[in-house]
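Student: Starting from the known structure of chain G, arrange chain Y on it as the hints suggest.
Protein chains: 2
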Amino acid sequence: MIAAEKKIRKWETVPFTRVEILDHFWRPRLETVHDVTLAVCLDHCEETGRIANFSKAAGRMNGAFKGMYYDDSDVYKVIEGAAYTLMLRRDAELESRVDGIIDEICAAQEADGYLCTYYTLVAPDQKWTDMEKHEMYNGGHLIEAAVAYWEATGKRQLLDTACRMADHYIRHFGPGKRHWVEGHPEIELALMKLHAATDDDRYLDLAIWLLEERGHGLGRGEIWEKPEWGAAYCQDDVPVREIEKVTGHAVRAMYLYTAMADAARLSGEAAYLGALHRVWAHTTKRNLYLTGGIGSSADNEGFTQDYDLPNESAYCETCAAIGMAFWNHRMNLLFGEGEYADLVETEWYNGALAGISLSGDRFFYVNPLASKGDHHRVEWFHTSCCPTNLVRFLPSVGQYVYAKTEDGLAINQYIAGKAELETGGGQKVSVTQATNYPWDGCINLGVEPSKTSAFTLRLRVPGWCRSYRLFVGGEAVSLSPERGYLEVNRTWRPGDQVRLELDMPVEVVRAHPEVKANEGRIALRRGPIIYALEQVDNRDLSYDEFSLSAYTAVRVHHDKELLGGVILLEAARADSGQTPYRFVPYYAWDNREAGFMQVWIKERPDQRGCDR
Amino acid sequence: MIAAEKKIRKWETVPFTRVEILDHFWRPRLETVHDVTLAVCLDHCEETGRIANFSKAAGRMNGAFKGMYYDDSDVYKVIEGAAYTLMLRRDAELESRVDGIIDEICAAQEADGYLCTYYTLVAPDQKWTDMEKHEMYNGGHLIEAAVAYWEATGKRQLLDTACRMADHYIRHFGPGKRHWVEGHPEIELALMKLHAATDDDRYLDLAIWLLEERGHGLGRGEIWEKPEWGAAYCQDDVPVREIEKVTGHAVRAMYLYTAMADAARLSGEAAYLGALHRVWAHTTKRNLYLTGGIGSSADNEGFTQDYDLPNESAYCETCAAIGMAFWNHRMNLLFGEGEYADLVETEWYNGALAGISLSGDRFFYVNPLASKGDHHRVEWFHTSCCPTNLVRFLPSVGQYVYAKTEDGLAINQYIAGKAELETGGGQKVSVTQATNYPWDGCINLGVEPSKTSAFTLRLRVPGWCRSYRLFVGGEAVSLSPERGYLEVNRTWRPGDQVRLELDMPVEVVRAHPEVKANEGRIALRRGPIIYALEQVDNRDLSYDEFSLSAYTAVRVHHDKELLGGVILLEAARADSGQTPYRFVPYYAWDNREAGFMQVWIKERPDQRGCDR
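Chains G and Y are the protein sequences, given in the same order.
Take the first sequence: its letter number 578 is residue 578 in this note's numbering, and every next letter is one higher.
So this note's numbering is basically just the index in the second sequence, starting at one, shifted up by 1000.
Rather than coming from a laboratory, the hints here were simulated on the basis of the structure.
All clues given are correct.
Residues from chain Y that face chain G, not an exhaustive set, calculated with beta carbons under 8 Å:
#: 1; residue: Ala1476
#: 2; residue: Val1508
#: 3; residue: Ala1553
#: 4; residue: Val1556
#: 5; residue: Glu1570
#: 6; residue: Ala1571
#: 7; residue: Pro1580
Glycine included, each C-beta is placed from N, C-alpha and C at the ideal position.
Excised from the complex, chain G in its bound form (with noise of 0.2 Å):
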């Protein structure tokens, strides 16, 4: 589809206040973020020193700054964690926990609103100089928790602490003021969000002020001096409206379309749209990894040339994943379009969730998809974005299941729950979701507006999804998916049901024919998982001995205890009478022995070769 064809329709994102999530896939693994992930996180934070850092700016606790000058967003995460994760449930313990340090935090912001423990207490006179020093990165994330817990709690403490840190950017930053590029943009996105939260637009100019200023020389900082990264690693290489290409920092560039979607939404200004749609369709078609993962070069953390797709040296660090989905979660608001919502998906389920343990408390920085044996989750890292990541991205999922549409509603997740909605007419609808997804392609849904009226239910299908029934009310309905979505328009009444059945058969992939690493390899996809073979259900064979038929048809098997409950895949092997090969969930793998693992397997000549 051609950009200038593409109609925005500015949906509208639901608070994760109003879904309820009751799903056996998600209410786990929520709990486990409650019970042991934040836990985990914080006791990190405290035994490194990065609470400390805020008691120590703030005069609290004497003592020099330790850890790294971005350390101070570590902390912010995990309280936005917390506040998705007390909406889940009520915890006195851990609320009080978090107040206690964000009284640290506010403590530590210093009169005129700078906050940014490392210069504050390491070099106070060299604030602002290095552009990639992370300072509104850190003020970003800052925001971003302070939205959240203002939301979930309506404590409204360290709100005020990021509106006075924000006020202290428009005092300095802007039109006539100083320049800046931030090196890590992570502050767009969150000046949206408080913009947002505050309807004040002074926040919203400064978040597309602060995009403009990208591509035109004026970034300052060691990493600019860098010959082999430049520019193009913080995407100051363009101006954001000449974006052709994803380049440099996956996570930077992730969170920087980001910010440009919001931007978008509110603006409908056409040079966006015309970057976004170009640099999606550059990141998507030639440089995303199956499993939603991005960024394939551990030497920028970044992108390197289109197609370089390798497996077993895959950067995919977690946080790009969980970017991917940031991204295409505002461009399905913006465009109202399901391909969108199938990458937050894909994320969901593979790229994104592989960073955490079934345990909760050890974690992939980087996510290969294929390993000889050697890679493994660790409890915490040097530089530590990836859990802390997961502890906020993870109990937010309630946000990216539903939308407000112009004439209705959309659901864009299927996942066992309830929320309270609103659609773009006013009318409140009560939504319940019954399934067994993602095992399972059935959903049951329940409508219940507050009074009878019309409005559009849209439902999304999946761009895995090759086949599905729907009914309403019992009766099948007749309607394709249109922009990815069943519009269901009727008059709706207390009571109403739908029945959505998407066709979940195991599917062999191929990849693009580029993908050098990939020729001659196929994976399996079962709905929305990708599936990979590990060392400790394939004993009996070597790294390099395993290959697979496409002709294969895979036994499909719900194993309710192991790994947590998943479903498994069978496949057999060349030779008969040998055990068959069995793959497990990706996002799964490395949570029991130690041992090789592949999602790509060599391909298996089979006489049968083509349909026909």
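Tutor: Relative to chain G, chain Y alone:
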């Protein structure tokens, strides 16, 4: 797989008399064959003088021979069909009508056993001079009818006549006697049946001798002198042991290979196995339409060049599709391999089934995969082999369902009903199938051995199936297909239950890249059913305007009224808001208004382009 590695298994067919068909898909069709098709074919045989030719040859009626020299065969084929149909429901009126015809046939046999009304009436002095004049072809069909009628009714009159005729052949042909290359193979497979029915090895010896006569320059007759056809048209170009490629007239080729497979099963002769492998691969990998149709050219009613598979001008004679089922059934018995049963299934639901109208009284001789609107079923043909092949093929589906294996039983086709079977080990087992196949992939089996006993039950996993679940006694079972079958080897007890769930999504199919006719085209398949788009469902577009994205999510709708009850597919068009394309099963086309039809639809470019 290389021929030499393919162990033969020598499974045994299960007589149609043991298989009761209670299937929602097949039972109504078989009732229609009984109520309509049989009567219609008998009437046409009467009206066209085909039956009278026998009375005339018997001297019971005056008048000249009418029709073509091969017309006797139609009468025999209808009798064969009547035999199968009488197993469905005993019908005194039908049986009496058939008995009357049989009486005329037997009376037409000459004193020495010779039976071919054309030569008796028209050219008694020309017998056995032109090998392509179908004398033994007619004889073969007499034998098939006689064996079937004897099996169904126990009446021997026609079987005795058939034996007398075969004995006549033996007296005249064979080692040290006259040479003979029957221009239209059929006698060979028929003699195999006569051998099985009578246990008289002379019939087997004659069958093998007739096979071996081919390819040595012994063919004599008009057809051998036509330079554009030559011996290849009659499969007389190479000795059967040296066959490399499928050639000539498609039906003749199929009937020949059917007999070769029967011979190989009895003899294990390696040269036959090699020839069968080669010609099967050549037929199915390079010369087979998606519908199971073969023989692309009307000129020779047969094969041309590899991958020459035009859609509109496809010949795809109904008899050739039926012949494919004959041959592949024998290949399945010979090798115990599921892929052959896959092709029987393909013909059941597509290539062969399309040959008859839902009403049971109109027929296709030619089965193109696209039509601009000028191709329609008719009531009868001058050469009417196809209606009379359908009338015997359809009511015989029961014999394709099961096989007796060396170590138990194989279930080759899923069709609701009940069968009284016997394992290779001699254990009697009653098997019930409950299923909505081909509309649904769930099959519930009841396995009732007369006493507790160990044997292997093989369940075919169709080639179209990519994923499945198997439960025995409610427990999930980990089995992968071996040579196309799930082999459930256990001790079976009366009352055992098996449930097989075959995922049956809509699939987008592409042709082999060498098939130029389908370059840039895709087709839709769901389970064993190939779909077609007809004008009556898609009125507002012209023939050339259709295009379909391979990434379309297709709505699946079970319409219980339309076309006798079918699963319809609805696929969105490029422009949103338009009514979707509607597809019906290929077999059901041309049962409503006259109009165009397409199986292979132009592919609409889709930005998704590939999986990743």
